[in-house]
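Enquirer: FYI, the UniProt record's numbering numbers position 44 of the sequence shown as 44, with every residue one higher than the one before it.
Hints in this document: simulated from the structure, not taken from any laboratory. Just to be clear, a hint being listed does not mean it is correct.
Stated by the list, open to error - Derived pair list, reagent style DSSO-like, types lysine-lysine, alpha-carbon separation capped at 30 Å:
id : residue 1 : residue 2
1  : Lys88     : Lys21
2  : Lys88     : Lys25
3  : Lys23     : Lys88
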Amino acid sequence: AAPTPTADDDDVQSVAEAVAKAKSKFSDSLEIWPSALESATRSESERYESVYQALEILHRIAFEYFGGAGSERGVGRFEDSFSPYRIKYSARESQTTGTKYAQQRTFTNGDRSIQMERHLTIGGGDRQNTVQIFFEIDAAGRRFIVGYCGIHLDYARMRT
Numbered sequence: 001a002a003p004t005p006t007a008d009d010d011d012v013q014s015v016a017e018a019v020a021k022a023k024s025k026f027s028d029s030l031e032i033w034p035s036a037l038e039s040a041t042r043s044e045s046e047r048y049e050s051v052y053q054a055l056e057i058l059h060r061i062a063f064e065y066f067g068g069a070g071s072e073r074g075v076g077r078f079e080d081s082f083s084p085y086r087i088k089y090s091a092r093e094s095q096t097t098g099t100k101y102a103q104q105r106t107f108t109n110g111d112r113s114i115q116m117e118r119h120l121t122i123g124g125g126d127r128q129n130t131v132q133i134f135f136e137i138d139a140a141g142r143r144f145i146v147g148y149c150g151i152h153l154d155y156a157r158m159r160t
């Protein structure tokens, strides 16, 4: 059976700790890039437990997506996996945001560079307390790549 979310987030005290712990525990299904760890260190959000939970759910979805442990059921809609936890999933950015802020959503690890649009949003209100996690599916590597985990990136309809 696929792993399910647990209360294993009780020993993280920051977004950076949540990402580092997820990198250590979920390396079989999540490839967390240095850019994600770096962006997490700049986040002052107190939603670090939700960040760890989101990464744990992402791990479970990747596990199911690639048929881990003989999984026979599909993952269904990504949105449905996150909504009970008040985490918003978006498959893509608006065309305007994607064009205007493409550089902010392009993450690099060594010689690999990926523009990521799939993302999770945790929290709301001001950008500083909202956390976004950008990821893409790596079919060849049979896991999800997490390129960013930090404050809400700029977007087209943002108030200045």
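Enquirer: Now tell me if each hint is right for this structure.
Expert: Results for each hint:
1. Lys88 x Lys21: Satisfied, since the Cα-Cα distance of roughly 22 Å is no more than 30 Å.
2. Lys88 x Lys25: Distance of about 23 Å is within 30 Å: holds.
3. Lys23 x Lys88: holds (21 Å)
Consistency with the previously given hints is maintained throughout, with no hint failing.
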